[in-house]
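> Residues per chain, in single letters:
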Amino acid sequence: MANTERADGYTEIENAAMRARYASVFAPPSWGGRLFAAAALALLVFGLWHLGFSPSRFLNGVGSLGKLIVLMFPPEWGDTATLWRFVKSLGETVAIAFLGTLLAAGIALPLSLIAARNTTVSRVLRFFTRRSFDTLRGVDTLVWALIWVNVVGLGPFAGVLAIAISDIGSLGKLFSEAIEASDQRSVEGVKASGGAKLHTIRFGLLPQVAPVLIGQCLYYFESNTRSATIIGIVGAGGIGLQLSEQIRTLEWQKVALLIIMILITVSIIDHVSTRLRNAIVGGKPTAI
Amino acid sequence: MPPRPTVEQMASAYAAEVALKRRRFLVSTIGFAALVVLAGWMAEIRLDVFFANIHKFPNYIARLFVLDSGPFAGHFVLLDVPAWFWGIGKWLRLLVDTLLIAYVATFLGALFAFIACFLAANNLGSSHWSSFAARRFLEFCRTVPELVFALIFVMAFGLGPIAGILAIVIHTTGALGKLFYEVLENVDQKPIEGLVASGASWTKTMRFAVLPQVLANFLSYALLRFEINVRGASVMGFVGAGGIGQDLMEAIRKFYYPDVSAILVLIIITVALIDLVTERVRHHFITQVS
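Protein sequence lines, in the order shown, are assigned to chains B and G. Under the numbering used here, residues 1 to 288 are what the first sequence spells out, in order. Under the numbering used here, residues 1 to 290 are what the second sequence spells out, in order.
Incorrect hints may have been included.
List time: in silico SDA-like cross-link candidates among lysine to any residue, alpha-carbon distance up to 20 Å [unchecked claim]: (1) B:K197 with B:Q184; (2) G:K204 with B:S223; (3) G:K21 with B:P211; (4) G:K254 with G:A34; (5) G:K178 with B:R185; (6) B:K173 with B:V190; (7) G:K254 with G:G70; (8) G:K178 with B:Q184; (9) G:K178 with B:V272; (10) B:K88 with G:V77; (11) G:K56 with B:G153.
Just a few of them, taken from the derived set where beta-carbon distance is under 7 Å, the chain G residues facing chain B [what the hints assert, rightly or not]: (12) A43; (13) L47; (14) D48; (15) F51; (16) N53; (17) F238.
Think of the hints as simulated: they come from the structure by calculation, not from any bench. Glycine included, each C-beta is placed from N, C-alpha and C at the ideal position.
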């Protein structure tokens, strides 16, 4: 090996030394890695083929999508009655998200005490509570919405109940995890000064976990605003009903207006809730 | 040194603090209650309707688990599992479709997000304007719910999984793009400076200084997104955009009770399995790096 300078300014010996020292950087991609990448690509191609994807069909679709987008401009609402209907259903959407989250939090809090290891009353009960959380979470909000429509009829109330029931699962799980991660010393302090079980929860546990729980509720309120915009598609109230109606009747300018309304509302709610969350949790990122 | 407050002073200060806190609590509680009432009015909460109909809910859930045909009609579903899962072949095919929709959409969405995140990050040489534009674009992609996109795409691309894939791709691009550029903005600058100092081009800097730092995170986020997209793809059929959702909605609308529970059981098991597997893989990636 000659100690001559290479094009990059290093000598052959230096180069070889660096290759030896940082072998992992200079190594060619491992066979496992290559195989993994090839399998991932193959699955992509198979998936596209299996699902009936073809370039011509795709291009046709893009063409008609372009026409639709042209038809969307300028966005407009037609008459005042329609605009009022849109605004009202937007308010309904936010109300659904708000009440759904509130109801879910109210029910999830006592249940999460049962589901958390350090506050539970019995292991069997804990197991069943946790599994019910999993089941509630496993069923999509839209499915719950369809089920509640069968029970309480069409309208926003079904939406509230759908969001509430699927969030009992999510919030219950998050709440119980926050409770399990809490500091036990304050709980022991209350116990040592003669507090009963309920006292330890009220004065030892709740003040500690409340900011985290409220942060999680706010986060879910944000995400529920998005869900509430679509549950109207299955008849559970909110702006989704208007949206699917306008799409079905091919009123593209109104569709564009509705999408803009959804965008603005969701952004405002996101903004406000992030502010509130930071104020409550003190700027620290919430463990979500 | 200021004089130490007496016990009486401290007690009265404490009482004043507590009184202030109580007043604040009272005011915010009243405000909150007003909000609840307003929202209840807007969402047309009818407690009388609720209590008159609530008994239907447990009945409905119970009926999901009662067979409605075959020799065991009217009995618990587990007595005749083959009759309960009579459509298993068709449902599994649709479930595979659903998983493929989620996979393809996550793959493509992650790819677009990967491209967009370098434009959106403000520490890797992207201009102010392109980063602003990329961020607004990603925001648009993730703020519009994917079912809204699906509804529109069904009109443009026709009924079927392509509309569903595209809708999820757009949403995934928006959601992952944001996470990706946040990761990029938190990279350690030292390796980048090292490469720039030794004269490496932009692509080489990204390849050898940035990617090794972020790739594990990117993959982990993409896998997490895959989990979410499996759930999303399972309801795409509600608007005719492919997957098992179509059959599920039909079963609910037409009151085929045991079918509803059978399909839901299949979806829940699949989602749980996917969660389990991706969590393992994610842990593998994370430990491999650290």
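> Each hint: holds or not?
Status of the hints after comparison with the structure:
Taking the CA atoms of B:K197 and B:Q184, the gap is near 13 Å; set against the 20 Å cutoff, the hint holds. With a CA separation close to 39 Å, the supplied pair G:K204 and B:S223 exceeds the 20 Å bound. Proximity of G:K21 to B:P211 is assessed by CA-CA distance (about 16 Å); at most 20 Å being required, the pair is judged to hold. For the suggested pair G:K254 and G:A34, the alpha carbons sit about 40 Å apart, so the restraint of at most 20 Å is broken.
Pair hint G:K178 plus B:R185 does not hold up; C-alpha atoms about 39 Å apart against a cutoff of 20 Å. Under the criterion of a C-alpha separation no larger than 20 Å, the hint pairing B:K173 with B:V190 is inconsistent with the structure, at around 26 Å. A distance of roughly 18 Å separates the Cα atoms of G:K254 and G:G70; the hinted pair therefore holds under the 20 Å criterion. The suggested pairing of G:K178 with B:Q184 is violated, with an alpha-carbon distance near 36 Å, which exceeds 20 Å.
Annotation: proposed proximity of G:K178 to B:V272 holds, straight-line Cα distance about 19 Å (limit 20 Å). Distance restraint check for B:K88 and G:V77: the Cα-Cα separation of roughly 44 Å exceeds the 20 Å cut-off, and the hinted pair is therefore not satisfied. Taking the CA atoms of G:K56 and B:G153, the gap is near 11 Å; set against the 20 Å cutoff, the hint holds. Contact between G:A43 and chain B, as hinted, is supported at the beta carbon level, the nearest pair being about 4 Å apart and thus within 7 Å.
The beta carbon of G:L47 is not positioned within 7 Å of any beta carbon in chain B (closest approach about 9 Å), and the interface hint is therefore violated. The closest approach between the C-beta of G:D48 and any C-beta of chain B is roughly 11 Å, which is over the 7 Å cut-off, so the hint fails. Interface hint at G:F51: violated, since its Cβ lies 10 Å from the closest Cβ of chain B, which is beyond the 7 Å cut-off. The beta carbon of G:N53 is positioned within 7 Å of a beta carbon in chain B (closest approach about 5 Å), and the interface hint is therefore held.
The restraint placing G:F238 at the interface with chain B holds, with a minimum CB-CB distance near 6 Å, inside the 7 Å limit.
Violation of the numbered hints given earlier is confined to hints 2, 4, 5, 6, 8, 10, 13, 14, 15; the remaining hints are satisfied by the structure.
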